[in-house]
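**Student:** With the sequences and hints as input, model every part of the structure.
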Amino acid sequence: NIFTRKQEARVPFQRLVEVDESTTDPAPWGVNWPHQYDSYLRTVDHERTRYGGSDAIPKQKLDADPWLRTMWAGYAFSLDYREARGHAHMLWDQDHTERVLQRPQPGACLHCHSSIIEAYRHVGDGDVMAGFRQVNAMTWNEARNLTNDAGHPLVAHPMSCVDCHDPETMRLRVTRPGFIEGIRKLKAAEGIDDYDVHRDATRHELRTFVCAQCHVEYYFAGTDTQLTYPWDKGIRAEEIEAYYDEIDFSDWRHGITAAPMLKAQHPEFELWSQGVHAKAGVACADCHMPYRRVGAMKVSDHHVRSPLLDVAASCQTCHRVPEEELLERAHVTQDRTQGLIDRAAAALTDMIDAIRRAKEAGASDEQLAEALRLHRRAQWRLDFVYSENSRGFHAAQESARLLAESIDYSRQGVAAAIVAGASPEGTPQVVEASPVEGVTPSEEAPSPRE
Amino acid sequence: NIFTRKQEARVPFQRLVEVDESTTDPAPWGVNWPHQYDSYLRTVDHERTRYGGSDAIPKQKLDADPWLRTMWAGYAFSLDYREARGHAHMLWDQDHTERVLQRPQPGACLHCHSSIIEAYRHVGDGDVMAGFRQVNAMTWNEARNLTNDAGHPLVAHPMSCVDCHDPETMRLRVTRPGFIEGIRKLKAAEGIDDYDVHRDATRHELRTFVCAQCHVEYYFAGTDTQLTYPWDKGIRAEEIEAYYDEIDFSDWRHGITAAPMLKAQHPEFELWSQGVHAKAGVACADCHMPYRRVGAMKVSDHHVRSPLLDVAASCQTCHRVPEEELLERAHVTQDRTQGLIDRAAAALTDMIDAIRRAKEAGASDEQLAEALRLHRRAQWRLDFVYSENSRGFHAAQESARLLAESIDYSRQGVAAAIVAGASPEGTPQVVEASPVEGVTPSEEAPSPRE
Amino acid sequence: MKKRIWGTAAIGCSVLLGSFVGAGSYTFHYGEGFSYFRKDPASCVNCHIMQPHYDTWLKSSHHAVANCIDCHLPHEFPHDFIAKAENGWNHSWAFTFDDFPEPIRMTARNRRTLEDNCKACHGPLTDQMLADHHRPDERGAVSCLHCHSNVGHTAPPR
Ligand SMILES: [Ca+2]
Ligand SMILES: [Ca+2]
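Residue numbers (this note's numbering), protein chains in the order written: chain A, 1 to 450; chain B, 1001 to 1450; chain C, 2001 to 2158.
Bear in mind the hints are in silico, worked out from the structure with no lab data behind them.
The reader is advised that the hints may include incorrect statements.
As the list claims (entries may be wrong) - Reference listing, derived: stretches of chain A covered by chain C, where coverage requires no fewer than 3 residues with Cβ under 8 Å from a Cβ of chain C: (1) 201-209; (2) 290-297.
What the hints assert, rightly or not - Using 30 Å as the maximum straight-line C-alpha spacing, the simulated DSS-like pairs for lysine-lysine come out as follows: (3) B:Lys1185 <-> B:Lys1233; (4) B:Lys1298 <-> B:Lys1279; (5) C:Lys2059 <-> B:Lys1233; (6) C:Lys2059 <-> B:Lys1185; (7) B:Lys1233 <-> B:Lys1187; (8) B:Lys1298 <-> B:Lys1233; (9) B:Lys1187 <-> B:Lys1279; (10) A:Lys298 <-> A:Lys279; (11) A:Lys279 <-> A:Lys185; (12) B:Lys1279 <-> A:Lys279; (13) C:Lys2059 <-> A:Lys298; (14) A:Lys279 <-> A:Lys233.
Note that beta-carbon positions come from the ideal geometry of N, C-alpha and C, so glycine has one too.
**Tutor:** In C-alpha cells form, the structure reads like this:
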C-alpha cells in the first residue's frame, strides 16, 4: 500500500540533542522540537476571558466571591485561592501561595506542580512508586529541596516534556503514579480488571489522560498523606462522595458548623467525562492544544490555555460557525452555570448561618445531625462545580444537575436548622472562622515552613 | 441549512384536484400530494419511547406521576391529563377529555385542535381575526357545533394541510391568529417593530413557526376568554412569569394552599428556543419531519412524531454517529431531566404539605404570604419543564436551570411555612382537593356541556 | 451490493480515471492536475442519490482541489480498481437502488481508503502526526475525520 510505504519514509524530526528520562529541563528538548518548545514557553503569557484565562497577578477568587471564605471556613483555601494560570507558573505559584506559606503542607503537593518523576526515582533508588510514597510523606520543604547525589536540586522545573513524552520515541505517555493507580481503580469499577494504562490506552485516550494526570479531584490518605484519586466507585460526583463516606474521610471540620467537610479540587477530567464532548470522543488536547500550521508542518500548540482565546483553532475545525457565535454559545452555557452557582452559594450561606443560629440557641449535635449531614452534601456539590475550571462548559447539564442538588440540600438544611431551634430571622453574615487547618490535620502535620 | 435549501427547487406536483382555503379536509389534497398525505395519515399510529411516543389508549399521566394531582389540586388538569399522540387524534382527544366533559371550556380550545380558520372566516363574515375573537368567547359546544349556511359542520377536521400550506403555491405559512399576534409582540419585545410574520419570516423560520402555532404556552385573557400567547416581555420562563405577574393573572387558586397559580402548557417552542439546537438553527421540522427519499423525490415526512422512533432519518443526517449511540445521548439528557423533575416534585409536595400544616396550625394569610408567593414561583418552573414534552431534550441545561430554581423556591417555601407555624413533622400526603375549576374561573364560565 | 455501486461509480468515472492511472502522488494534484478535475464529478452525480454530496462538495473547501474519486477511491491503480469496474459492469443501473440504509453511510473499508487519501495528499504537513514512532497498532491510529469530517462536504452546521 503506497500510503504505508510513504509513511515508513517519514522522518518526523532529527535529534540534535540527546534527551532522556532525567532531562526535566525543557530547554534541551527545545533544541530538537523548537516549535513545541516555543509554544510551551508562551504559557507564561496571560490574557483573560469572561470566566477564565489568566492574569499577570492571578486574581484572588476569595475577594471576587466572598462567600468562598464562608464555604471553606476553617480550611487553608480560605486563606488564598487564585485563578489558575499557565503551566510555566505552576511551581512558582505553589511556592508562593499562602496555603503553603502559612500552613503545613506535604510533599505530595509537588506531584502535579513540578517535573518530579526523576526525584521519585532518586528517592526510591530507581523505584518510582516507592519514591512517590516516600515523597508524599515528606514535609513540603523536604520534598521541595531534594537534591541528587551531586547536590543538584531534583525539583527544579514545572511539568515539562518528559512528563508527557517518551524521550526515546516522543510517543505520548502518562507518568504520574497517582493517575496510573487511579485509572486502574476506575477501570476496575467499570468492570475492566488489571488495566495497565501504558499497555491499554489508545493514543486518542492519551490525548486526555496526559491532562487527567493532574486535572482531577484528589485527597491525601492517612497520616502519611498519600496522594490518592478517589475513583474506586467511579468518577461521578456521587460516586466519589460515596467512596469518601464509606472510608469515613473528611478534609476538615467546618469552621462555623463543625460539619466534616470534603474539598473538591479541579475535577476537570471527572466533569468533562460527563459532558457532551466526552461522549463524542473529543479529547482535552483537541481543544486545549489545537494543531497549528507552522511552515510545512502541523504542530500541536503547547501553549495550553483557555480555548476561548483562540476559538478559530480550538473550535472552528469541528464547528463551522462564525467565531462570535461560538463564543456566544460557550458564554450562554457559562452564564447559566454562574447564575446557578450564585444561587447555590446563597443557599449554602443561609444554611451555614442557620446552623450557627441553632447552635447559639443551644441545639445539640444530635439535634443538628441531619443539618450537618446536609451541609456536607450541599458543599461537596457546589465545590465540585465551582472548583472545576470551565464554568460548566465541560458538562453543562451535569453541572446544573449538581448545583440543583446542592441547592436542595442547603435549603433542606435551613429548615432542619430552624426545626433544631434556629431563630427564623437573622441575615446571613460571614463569621470569623475558627483557626484554619492545613491540608493535613495539624496535629500530625509537619512543622510549618520557616 | 443545506438540507432544506436544497428542496426549494423541486417540489414537483401536478394538481389533479383543486384545493382552496376552504378545503379543510386533507383527502382532496392527498390526491395531489399522495406521499405527504399518506405519511400524514400515519399520525394515527402509536409506538412508545422511553419518555414519549404514543399509545393506542393515551397513558394517563396522573396515574404515572401521582404528585401531579397535588400540583394541580383544584384545577381541571387534575381530572385528566394524558400523553400526547399523533395529529390525526387531536380533535377526538379534545372531545373526550374529562377536562371538557366535566368542566366548562371555551371555544378558544379549538384554535389548536382543528382546522378552524374557515370557521373563523365564516363567523367573522370574512374577517378571520374578528371570527377568532368571537369563537374564543363562545362556549366549547357552540364553537364545536358551528355550521356554514348550508348547515355543514365547520369544525370537522383536525389540523390539516391548509393550516400550514398556501393552497395556491403550497408555500409554508402560518394561519393561527394566536401565533400571528404573539410573534408580533415577541419581536416587539426584541426591538423589532411592526413584525409581520407573513412578510418577514424566512422559509427556514417557518419550518419552526408552523409548529409554534400550537406548541406554545397560552392563557385565556379576560371574561371573554381570548386566547393569548404571553410573550410581551419575551419567551423565557421568567419573562412570561413577569408578564403574568404584571397583569396580575392566575389560572386558578390552588386547592390546598389557595395560592394564585399559573398553568404551563406545552411550551415546546419556548424551551426549544433556549436550547443548543435552536442556537444552531435547527428547526422543528428538521427533526420531526425529516426528508425521506421516495424514488427520485425527497419528501418531508408528515408522520410527525417522536424523532427517537427513527433516529436514522431524524438525526443522522447531521450526526454521523451510530443510532444506538445517538439514542443513548438523548436518553442521558432525558434521564437527568427526569431525575431533577422527581426531586423538584418531592420539594413541591413537601412545601404544599407544610403550608397545609401551617394553615391547620392557624397561620394567617399574612403570615403565609411569602410561602404562597414561593409556591407560585416553584410550581410555574416545574410545570414549565414537566409540561414541555421533550423531557429536557429541547434545552437540556435550561431545563435543569428551571428545575434548580423550582427546588430552591419550594424548599424556601417549606422553611417559610415552618416559620409561619407549620409543625415540623408530618409526611407529605395527597389531600382531597377543593372543587375543581374549569380552565376559566367558574363564576364567569360558560355553562357546562350538556 | 457495495461492490456493485462502486462498480457503477467506477464506470461513471472511468473517463477521468484513464488520466489518473499512475498519477497517484500529491504533487500531481497540486500541479496542473486541477484542470482535469474540474470537469469530472458530474459522473458521480449521474445518480441523484449523490446529489446532496455533490452540492455540499461544491461548497466545500476542496471543490477546487480534490474531486470525489481523489478522496473516495483508492489511489493505487489500476489493478483492484479494474476489478471493481468489471464487477460493476455486470449489473444494470436499476438494481443499484433501493435497499440500502439512508442516510448513506460509508463502509469501514471506504472510510480507511478515504483517510489514506487525506494522508497521501497532505503527507508532509502531517508527517509529525503520523510518524511511525506512534503505536503501530490500531491504538496508535489517528483519524483525520475526527476533526475534519467537513472538508469534503459542508456538512450541516457542526
Ligand atoms: Ca479533594
Ligand atoms: Ca398557560
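**Student:** Now tell me if each hint is right for this structure.
**Tutor:** Okay, the hints, checked on the actual structure:
1. Given a C-beta distance limit of less than 8 Å, the hint that chain C covers the segment 201-209 of chain A holds, as 4 residues qualify and 3 suffice.
2. Proximity of the segment 290-297 of chain A to chain C, defined as three or more residues with a beta carbon under 8 Å from a beta carbon of that chain, is established by the 4 residues found.
3. Of the supplied pair hints, the one linking B:Lys1185 and B:Lys1233 holds, its CA atoms being roughly 8 Å apart against a limit of 30 Å.
4. Annotation: proposed proximity of B:Lys1298 to B:Lys1279 holds, straight-line Cα distance about 26 Å (limit 30 Å).
5. Under the criterion of a C-alpha separation no larger than 30 Å, the hint pairing C:Lys2059 with B:Lys1233 is inconsistent with the structure, at around 40 Å.
6. As the CA atoms of C:Lys2059 and B:Lys1185 are separated by approximately 38 Å, the hinted pair breaks the 30 Å bound.
7. Between B:Lys1233 and B:Lys1187, the direct Cα distance comes to roughly 10 Å. Compliance with the 30 Å bound is thereby established for this hinted pair.
8. Between B:Lys1298 and B:Lys1233 the alpha-carbon distance is near 40 Å, which puts this suggested pair outside the 30 Å criterion.
9. This hinted pair checks out: B:Lys1187 and B:Lys1279 have alpha carbons roughly 17 Å apart, not beyond 30 Å.
10. About 26 Å separates the Cα atoms of A:Lys298 and A:Lys279, which keeps this hinted pair within 30 Å; it holds.
11. Between the alpha carbons of A:Lys279 and A:Lys185 the distance comes to roughly 21 Å, so the proposed pair stays at or under 30 Å and holds.
12. The suggested pairing of B:Lys1279 with A:Lys279 holds, with an alpha-carbon distance near 20 Å, which does not exceed 30 Å.
13. Between C:Lys2059 and A:Lys298, the direct Cα distance comes to roughly 25 Å. Compliance with the 30 Å bound is thereby established for this hinted pair.
14. Simply put, A:Lys279 and A:Lys233 have alpha-carbon atoms about 20 Å apart, close enough for the 30 Å limit, and the pair holds.
Hints 5, 6 and 8 from the earlier list are contradicted by this structure; the remaining hints agree with it.
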